[in-house]
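K.L.:
Listed below, chain by chain, are the residues.
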Amino acid sequence: DVKVTQSSRYLVKRTGEKVFLECVQDMDHENMFWYRQDPGLGLRLIYFSYDVKMKEKGDIPEGYSVSREKKERFSLILESASTSQTSMYLCASSSRTSGGFEQYFGPGTRLTVT
Amino acid sequence: RKEVEQDPGPFNVPEGATVAFNCTYSNSASQSFFWYRQDCRKEPKLLMSVYSSGNEDGRFTAQLNRASQYISLLIRDSKLSDSATYLCVVNRPSNTGKLIFGQGTTLQVKP
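Going down the list, the sequences are from chains H and S. Going by the numbering used here, the final residue of the first sequence carries number 110, and the count climbs one at a time with no gaps. Going by the numbering used here, the final residue of the second sequence carries number 1235, and the count climbs one at a time with no gaps.
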């Protein structure tokens, strides 16, 4: 069974803290994605990685960075958390070889920045 | 204009009803279309792909009109378990595997 896991379901951090969100997939997928989901705004792409050590900015990369040192793991980093980054963060992966369009999502991390 | 637009609803329908959701997309170069389902406090999951000729999966029928850049989802004989948010999804034409998600349409099926 396809599986994408995220390190935490709920996280509370203080303004200015550095925050790491981890995502692991067990499907040997090339593509991995980080989204945030906010009411009224839907899913917005933060960063995308199509291979190890490769990354591409999405629609809202400001205030975020990513790391992909291994194929199965994609990390999202908030360098200095702000209250505007309070959101639901969803990681996803997809296979490039099978067309790359069905994305499998992790359960999400609800981050609150106070 | 949003790249993918949906009526957010909510749609409140009785069990057994037929309900239709619509979606429009702005980039005529998009080639792949999908409906995802997202249950409350859960992650999105692929419901079905949408093909040019239209396709059916049990009680669910998806249609695509490329000329109007319009996608629809029809649910027949609604069940309580169909209550969820339905996301209209379109690929980005750069073909990198990136998708554009609509905001979603919320369906509540009542007994």
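Certain hints may be false.
Unchecked claim - List time: in silico SDA-like cross-link candidates among lysine to any residue, alpha-carbon distance up to 20 Å:
no., chain 1, residue 1, chain 2, residue 2
1, H, K14, H, K67
2, S, K1166, H, Q2
3, H, K67, H, G36
4, S, K1169, H, R40
5, S, K1169, H, P35
6, S, K1126, H, Q33
7, S, K1166, H, S83
8, S, K1169, H, K14
9, S, K1166, H, E58
10, S, K1169, H, M84
11, H, K51, H, D34
12, S, K1169, H, D24
13, H, K53, S, P1217
14, S, K1169, H, E98
15, H, K(-1), S, K1126
16, H, K14, H, S71
17, H, K(-1), S, K1169
18, S, K1169, H, Y100
19, H, K67, S, K1126
20, H, K(-1), H, T108
21, S, K1166, H, P35
22, S, K1169, H, R92
23, H, K51, S, P1217
24, S, K1169, H, D34
25, S, K1166, H, K67
Said to hold, decoys possible - Residues of chain S clear of chain H, computed beta-carbon distances all greater than 10 Å:
no., residue
26, T1148
27, A1153
28, S1156
29, S1173
30, E1180
31, D1181
32, R1183
33, Q1187
34, R1200
35, P1217
36, T1220
37, K1234
Claimed, not checked - Selected chain H positions facing chain S (Cβ under 10 Å, derived; list incomplete):
no., residue
38, G12
39, N27
40, L39
The hints are simulated quantities; they were obtained by calculation from the structure and are not laboratory data. In this text, a Cβ means the ideal position worked out from N, Cα and C, and glycines have one as well.
K.L.:
Compare the structure with each hint and give your call.
P.N.:
Right, here's what the structure says about each hint:
no., hint, in the structure
1, K14(H) with K67(H), "violated, 23 Å"
2, K1166(S) with Q2(H), "holds, 13 Å"
3, K67(H) with G36(H), "violated, 33 Å"
4, K1169(S) with R40(H), "holds, 16 Å"
5, K1169(S) with P35(H), "holds, 18 Å"
6, K1126(S) with Q33(H), "holds, 16 Å"
7, K1166(S) with S83(H), "holds, 14 Å"
8, K1169(S) with K14(H), "violated, 30 Å"
9, K1166(S) with E58(H), "violated, 26 Å"
10, K1169(S) with M84(H), "holds, 16 Å"
11, K51(H) with D34(H), "violated, 23 Å"
12, K1169(S) with D24(H), "holds, 19 Å"
13, K53(H) with P1217(S), "holds, 16 Å"
14, K1169(S) with E98(H), "holds, 9 Å"
15, K(-1)(H) with K1126(S), "violated, 31 Å"
16, K14(H) with S71(H), "holds, 13 Å"
17, K(-1)(H) with K1169(S), "holds, 12 Å"
18, K1169(S) with Y100(H), "holds, 7 Å"
19, K67(H) with K1126(S), "violated, 33 Å"
20, K(-1)(H) with T108(H), "violated, 25 Å"
21, K1166(S) with P35(H), "holds, 14 Å"
22, K1169(S) with R92(H), "holds, 18 Å"
23, K51(H) with P1217(S), "holds, 18 Å"
24, K1169(S) with D34(H), "holds, 17 Å"
25, K1166(S) with K67(H), "violated, 25 Å"
26, T1148, "holds, 14 Å"
27, A1153, "holds, 15 Å"
28, S1156, "violated, 5 Å"
29, S1173, "violated, 8 Å"
30, E1180, "holds, 19 Å"
31, D1181, "holds, 14 Å"
32, R1183, "holds, 21 Å"
33, Q1187, "holds, 19 Å"
34, R1200, "holds, 24 Å"
35, P1217, "holds, 12 Å"
36, T1220, "violated, 6 Å"
37, K1234, "holds, 23 Å"
38, G12, "violated, 28 Å"
39, N27, "holds, 5 Å"
40, L39, "holds, 4 Å"
Of the numbered hints stated above, those contradicted by the structure are hints 1, 3, 8, 9, 11, 15, 19, 20, 25, 28, 29, 36, 38, listed in ascending order.
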